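Peer 1: Order-wise, the sequence lines are chains A, B and C.
For what it's worth, my numbering labels the leading residue of the first sequence as 1, then goes sequentially.
For what it's worth, my numbering labels the leading residue of the second sequence as 1, then goes sequentially.
For what it's worth, my numbering labels the leading residue of the third sequence as 1, then goes sequentially.
Honestly, the hints are just simulated from the structure, not real lab data.
For clarity, every value in this text was computed on a predicted model and none was experimentally measured.
There could be a bad hint or two in this list.
Each computed DSBU-like pair below joins lysine-lysine, with the alpha-carbon atoms no more than 35 Å apart [stated by the list, open to error]: (1) B:Lys71 to A:Lys51; (2) A:Lys370 to B:Lys608; (3) B:Lys28 to B:Lys116; (4) B:Lys465 to B:Lys546; (5) B:Lys387 to B:Lys575; (6) A:Lys444 to B:Lys571; (7) A:Lys459 to B:Lys553; (8) A:Lys22 to A:Lys110; (9) A:Lys364 to B:Lys535; (10) A:Lys370 to B:Lys116; (11) A:Lys459 to A:Lys25; (12) A:Lys53 to B:Lys28; (13) B:Lys570 to B:Lys434; (14) B:Lys71 to A:Lys485; (15) A:Lys459 to B:Lys434; (16) A:Lys364 to B:Lys575; (17) B:Lys26 to C:Lys104; (18) B:Lys583 to A:Lys444; (19) A:Lys364 to B:Lys71; (20) A:Lys459 to B:Lys608; (21) B:Lys535 to B:Lys546; (22) B:Lys606 to C:Lys98; (23) B:Lys123 to B:Lys60; (24) B:Lys571 to B:Lys546; (25) C:Lys54 to B:Lys608; (26) A:Lys444 to B:Lys535.
Label pairs and their in silico Cβ distance ranges [unchecked claim]: (27) B:Pro495 to A:Pro442: 52 to 62 Å; (28) A:Leu194 to B:Ser604: 36 to 46 Å; (29) A:Leu451 to B:Ser170: 20 to 30 Å; (30) A:Asp57 to B:Phe302: 35 to 45 Å; (31) B:Phe507 to A:Asp409: 17 to 27 Å; (32) B:Thr41 to A:Asn58: 50 to 60 Å; (33) B:Val217 to A:Asp57: 33 to 43 Å; (34) A:Leu194 to B:Leu636: 29 to 39 Å.
Short derived list, chain A residues pointing at chain B, Cβ under 7 Å [said to hold, decoys possible]: (35) Ala189; (36) Ala193; (37) Ile297; (38) Leu389.
No residue lacks a Cβ here, since even glycine has one placed at the ideal position from N, Cα and C.
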Amino acid sequence: MDILSLFIIVPVITIIALLFTKDLKQARIVSMIGSIIQLGMAINLVFAYFKEKEVNDNIMVFTKDLVWFKQFNIHYNIGVDGISVALLLLTAIVVLAGVFISWKMKELPKEFFISLIVLSSGVYGFFISLDLFTMFVFFEIAVIPMYLLIGIWGSGPREYSAMKLTLMLMGASAVLLVGILGIYFNSNADGGALTFNILEIAKVNIPIEAQKLFFPITFIGFAVIGALFPFHTWSPDGHASAPTAVSMLHAGVLMKLGGYGVFRVAMYLLPEGALHWSWFFIILSAIGVIYGAFSAIKQTDLKYINAYSSVSHLGMVLFALLMLNKTAWNGAILQSLSHGFMTALFFALIGMIYGRTHTRDINKLGGLLKVIPFISAIYVIAGLASLGLPGFSGFVAEMNIFVGAFEHDDMFYRVATIISVSAIVVTAVYILRVVGIMLMGPVKNPEFLNLPTATWYEKTGILLLLIPIVGIGVAPLWLSNMILKSLEPFIQGVL
Amino acid sequence: MNLSYTILIPLIPLVVFLLLGIFNKKIKPGISGYIGVLGLTASAILSFLAGYQYFFVNGKVDGIYQTFVQKTVWMKFTETLQIDMGVLVDPISIMMIIVVSIVSLMVHIYSRGYMKGDDGYTKFFAFLSLFSFSMFGLVLSTNLFQIYIFWELVGVSSYLLIGYYYTKPSAVAAAKKAFIVTRFADLGFLIGILIIGYYTGTYDFESLNNPEGNAIVNWASTSFMGLSVLTWALILIFMGGAGKSAMFPLHIWLPDAMEGPTPVSALIHAATMVVAGVYLVARLFPMYYFVEDGFALNIVAFVGAFSSLFAAIIAITQTDIKRVLAFSTMSQIGYMMLALGVSGYDGHEGVGYMASMFHLFTHAMFKALLFLCAGSVIHAVHSNYLKDMGGLRKYMPITNITFLIAALAIAGIPPFAGFWSKDEILVAAFEHNKLIYYVGVFVAGLTAFYMFRIYFGIFWGKETKYEQTPHESPISMTFPLIVLAFLSIVGGFIPFSEFITPDRAGFEAHLNYPLAAIAVTVGLIGIMLAWIFYKNENDLSDKFAKAFGSFYKWTYDKFYFDEIYLFVTKKILFKRVSAPIAKFDKKYVDGTMVGIGNTTVATSEKIKGIQSGRVQDYAFAFIAGVVVIALVFIYLWTN
Amino acid sequence: MIAGISIYEILSVTSILFFIGVYGFITRKNLISILISIELILNASVVNFVVINKYLYPDMLQGVLFSIFIIAVAAAETALAVSIIINLYRQINSVEVKDIETMKY
């Protein structure tokens, strides 16, 4: 049994097991067990990857290739490299943390956990796929359950948000499909057969006109889920209405599918197109970075602040990817990982605060440090991590991005880089603003004086997410080297 | 020679921080105080050991102090650019760890008494250790990025400590302001680092500072708008330093930072963190001196001189004694910056550099002492304001004497420490730039005046009726005062010029009697004026203030820079940038997406009439379609 | 074969009949009237078949034969339609077309 297909099989088994559960207690235990197994598999994969890399020098390892649909040359083709391994680990950790945070999901718990696991299986499948079509299938599996999760278990204007999110992401998928088909129909440019296989297409010299046409289509198709300005507006409403675990999973993991897709598909397969169009998308992503940060200053709803913060941080991922050099790409992957953990942590904390105070309006909250010290202290730590404090993963990622971006000595790139760097000040403003209004100061509402502190499952979820943030922040070398080595072949393709 | 044990100096406080932070609730307050003090004592002992070994045993090879580096790769950007973590031992870093250990240890001991009974006692000591760790790491950094990392950590420690009384809105605002202003300065710092990394290919201090190295020799290779890119980088790095060191116009956070507990003000905002900017320029001094013939260094000098004057003028009018001390700190740091700015490099030319570091050392001692005394006084009368004080010499003898010693030191009266260091600064200024020299002398006079204004105001002046009789502070608080007072007396006799010079060779300094005489005279005049105005109760000072009219008011309101800051942040950034962007996002960007949705719905409303439910309509469509197809068919058939 | 009259004239008559039937089908309000119009359509097509058979293929008989089929089918369909209309009348008490528009958007 190959190690990678297990990543899809285990969730399926979990779902089947969940079908037999009767109530919340059973459902959550089954989900927890399934997620812990997944996490164990992901950690094992890291070690197995290092061992395998010592003997096997292919770009992708642990590959498997099954023909699925012969006529169109669609295969179930899977494999991983260092980057996929890191992202699989991210997914496993965030899913497990999400299960812990949903420990008290009272309505329709069985269906909730089933949808959550389906979503996660889509994500796992996406990260291990090497065939464009299979990748797209898993992409859809990852996006569609969001409609149910937000629409049924959400809060506030949930039907509206669910509809908006799903329709915009579906629209992006439609655009993406056009791009994928465009790549597919040009994959025989060197005389071979039409194929969906990423590695084979990379070897083909797709004609420049086709690249220039399909790159923006594919890029936008992926980048909408990565919160590219101006297609990011599904994110604030979607995250605000979603239940906590769904926000964590979506912002933490799903939004990384965009960056990953851009990197694996759009840039790897259409390098000349990327070079040609990079200036345009750099402008959009740089705007996204600073625009998201400024918008976050004005917000009063905690989830909106976090959503705009995600727009800003993910803008940096796209920005870095467009710089087309190794250091920046390293930074982009590190930022994907780092932001995944950080935003999941934030949403978890916001969920905990909301669960206790029943409001997300920061003006109604105040002095929470005195009332719920553990949660508040972790919030401060998460805030400091988010604004790029050294010792946490955000700093490592951002510095790589800035140094990499600075390597272009063109005035255009320099200006764009300086605009993005200045986001560190704006980020500090909105983070400290929230901390100052919500956590510090006198206790605003006397009803809050007796709020319960974090429960064991909440603390477990928090720790699961905090440990990687600190770990990457303090000792980044092993991870960064793993990613850099895996980036080698991809950079060669672009240069 | 193995100085690698210096790595323990920052690590011990780090362990203390983690211990006290994680086991916060489980440790009894008394114990945490002891743990904190113990940790710092260990670091202090190691610092002294390192200092002794370096300066007196085997630091010097062929008459030049060597640099010892021990580092490991922490993060690799490209094949050539990387961030190392390690320790760099050279004269100024050893000097700094000694300064930081002494002051931090004294503050730790003092805090055991000052913060007694406070709710967050353990948290306080945890943060103090975090700060000590960050500061030690900063001064022992081996490369630009490492110093940036610890720079940020020091900033966060400062934020946490200023906001220690977090239920007070003013403390929250002050902490936020400090962090954001310094963050803004750090933006310049970061861009400067990026520039240096790109154009010289390294972040390492040893390579950058090598006068024959690539960075310095090829500084002219690329230029931008008339100046070398390296000059721009150095100016931007100085911007970062200016933020941390509260130089004009990035000084606005320092007076507000006085919201923190007084031991914090003594440690961070007087002796250690605020001198980080000076240390940064000193650390990169060879680059500052050689690149573009010291262009960036001139900027350092003028900013320093101006800040020095600006702060001294404001300090004369303030009524909160901590704020007087804050502006005094800004003024003295201005001295240190201007000394660096007018310094040369070889031999005796490097007197500015030497004087700057010397003043850093002596200032740390007497300024920390002044703050701790102020804390003692505030503890006794429960107020920060001069109007609530007076005649305290009868109740607090130890505080009185130590404060007086510190005041004499800062006023530059021999044989106290401040005289020696300030004199060297004035000598350096005199030899390079007369304008700066005159400013320096004037500021010296102002310094003596404002310092004795508050000395007389607190301990002499009017006989205030106190509700509770003020009493002298406990031994835990007076012991550090005595130690620092002792250092303020003897510190000046250390022959700094033999140890700390830009070219590392040391030189013999001689007292320049004429200049010294002028400086001392100016100081004495300042003290005399303060005596006349403030020693006994009178209204001479009020009449004088009225004579200055609106200029007095401007000075009292700190020239409205805080208002400018509030205006820029609240009115411009908040209202005119952030709010429109948020509204634009909601109305237009989001509006477009929702609009697409609405358009689809509207179109659907219009065309849904096709399904009318009437068979006749369907039949009509059917027939029409058949007719059209038939006609098309016939047309195509006959053609 | 009628002497003196060409096929075009008869075909135009049947066409007019056909389209009168179509027009009636589309515009009449009463269900029975619609049925009558359907009859018109069917009968017009019957005459069409016979005419074409007699004028163009006088030796064959398929056209006439098929027209008998059409008449039979028309009768059956009319019976079916009337029974539907009677059932419908029992439900909604009306034979107006505008009362059975419920299967709409």
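Peer 1: State for each hint whether it applies.
Peer 2: Evaluation of the provided hints:
1. A distance of roughly 29 Å separates the Cα atoms of B:Lys71 and A:Lys51; the hinted pair therefore holds under the 35 Å criterion.
2. Between the alpha carbons of A:Lys370 and B:Lys608 the distance comes to roughly 59 Å, so the proposed pair goes past 35 Å and is violated.
3. A C-alpha spacing of about 12 Å is found between B:Lys28 and B:Lys116, which places the hinted pair at or below 35 Å, so the restraint holds.
4. Restraint check: the Cα-Cα separation between B:Lys465 and B:Lys546 comes to about 27 Å, which is no more than 35 Å; the hinted pair holds.
5. Only pairs whose Cα atoms come within 35 Å are accepted, and B:Lys387 paired with B:Lys575 is rejected, the gap being roughly 39 Å.
6. At most 35 Å may separate the alpha-carbon atoms for a hinted pair to count; A:Lys444 and B:Lys571 meet this at roughly 25 Å.
7. Using a Cα cut-off of 35 Å, the hinted pair A:Lys459 and B:Lys553 is violated, with the two alpha carbons roughly 54 Å apart.
8. Between A:Lys22 and A:Lys110 the CA atoms are separated by roughly 8 Å; this keeps the pair inside 35 Å, and the hint holds.
9. Restraint check for A:Lys364 and B:Lys535: the C-alpha separation of about 51 Å exceeds 35 Å, so the hint is violated.
10. In summary, the hint linking A:Lys370 to B:Lys116 is supported, as the alpha carbons are separated by about 19 Å, within the 35 Å threshold.
11. A hinted pair counts as satisfied when its Cα atoms are at most 35 Å apart, and A:Lys459 with A:Lys25 qualifies at roughly 19 Å.
12. Between A:Lys53 and B:Lys28 the alpha-carbon distance is near 51 Å, which puts this suggested pair outside the 35 Å criterion.
13. Distance hint between B:Lys570 and B:Lys434 is unfulfilled; the C-alpha atoms sit about 41 Å from each other, more than 35 Å.
14. Restraint check for B:Lys71 and A:Lys485: satisfied, since their Cα atoms lie roughly 24 Å apart, inside the 35 Å limit.
15. At most 35 Å may separate the alpha-carbon atoms for a hinted pair to count; A:Lys459 and B:Lys434 exceed this at roughly 64 Å.
16. At most 35 Å may separate the alpha-carbon atoms for a hinted pair to count; A:Lys364 and B:Lys575 meet this at roughly 21 Å.
17. Annotation: proposed proximity of B:Lys26 to C:Lys104 is violated, straight-line Cα distance about 73 Å (limit 35 Å).
18. A threshold of 35 Å between alpha carbons decides the hint, and for B:Lys583 with A:Lys444 the separation of about 28 Å falls inside it, so the pair holds.
19. Taken as a hint, the A:Lys364 and B:Lys71 pair is broken in the structure, with Cα atoms around 49 Å apart against an allowance of 35 Å.
20. Under the criterion of a C-alpha separation no larger than 35 Å, the hint pairing A:Lys459 with B:Lys608 is inconsistent with the structure, at around 54 Å.
21. As the CA atoms of B:Lys535 and B:Lys546 are separated by approximately 20 Å, the hinted pair is consistent with the 35 Å bound.
22. Restraint check for B:Lys606 and C:Lys98: satisfied, since their Cα atoms lie roughly 21 Å apart, inside the 35 Å limit.
23. Note on B:Lys123 and B:Lys60: the hinted pairing is violated, with a Cα-Cα distance of about 42 Å set against a maximum of 35 Å.
24. Pair hint B:Lys571 plus B:Lys546 holds up; C-alpha atoms about 33 Å apart against a cutoff of 35 Å.
25. A distance of roughly 48 Å separates the Cα atoms of C:Lys54 and B:Lys608; the hinted pair therefore is violated under the 35 Å criterion.
26. For the suggested pair A:Lys444 and B:Lys535, the alpha carbons sit about 46 Å apart, so the restraint of at most 35 Å is broken.
27. Judged by the Cβ atoms, the range 52 to 62 Å given for B:Pro495 and A:Pro442 holds: they are separated by roughly 54 Å.
28. For the hinted restraint 36 to 46 Å between A:Leu194 and B:Ser604, the CB-CB distance of approximately 37 Å keeps it satisfied.
29. Remark: the range hint 20 to 30 Å for A:Leu451 to B:Ser170 is upheld by a beta-carbon distance near 26 Å.
30. Between A:Asp57 and B:Phe302, the C-beta spacing of about 59 Å breaks the proposed range 35 to 45 Å.
31. Take B:Phe507 and A:Asp409: their Cβ atoms lie about 42 Å apart, and the range 17 to 27 Å is violated.
32. Separation of B:Thr41 from A:Asn58 is about 57 Å and conforms to the stated range, judged on CB atoms against 50 to 60 Å.
33. Look at B:Val217 against A:Asp57: about 42 Å separates their beta carbons, and that is inside 33 to 43 Å.
34. Our hint of 29 to 39 Å for A:Leu194 and B:Leu636 holds, since their Cβ atoms are close to 35 Å apart.
35. The interface hint given for A:Ala189 is broken, as the beta carbon of that residue sits about 33 Å from the closest beta carbon of chain B, more than 7 Å.
36. Against a cut-off of 7 Å between C-beta atoms, the interface hint on A:Ala193 is violated, since the closest Cβ of chain B lies about 38 Å away.
37. Evaluation of the A:Ile297 hint against chain B yields a held restraint, the C-beta minimum of about 4 Å falling below 7 Å.
38. For A:Leu389, the suggested interface contact is upheld, since its CB lies about 6 Å from the closest CB of chain B, less than 7 Å.
Going down the numbered hints, you'll see the structure goes against 2, 5, 7, 9, 12, 13, 15, 17, 19, 20, 23, 25, 26, 30, 31, 35 and 36, while the others check out.
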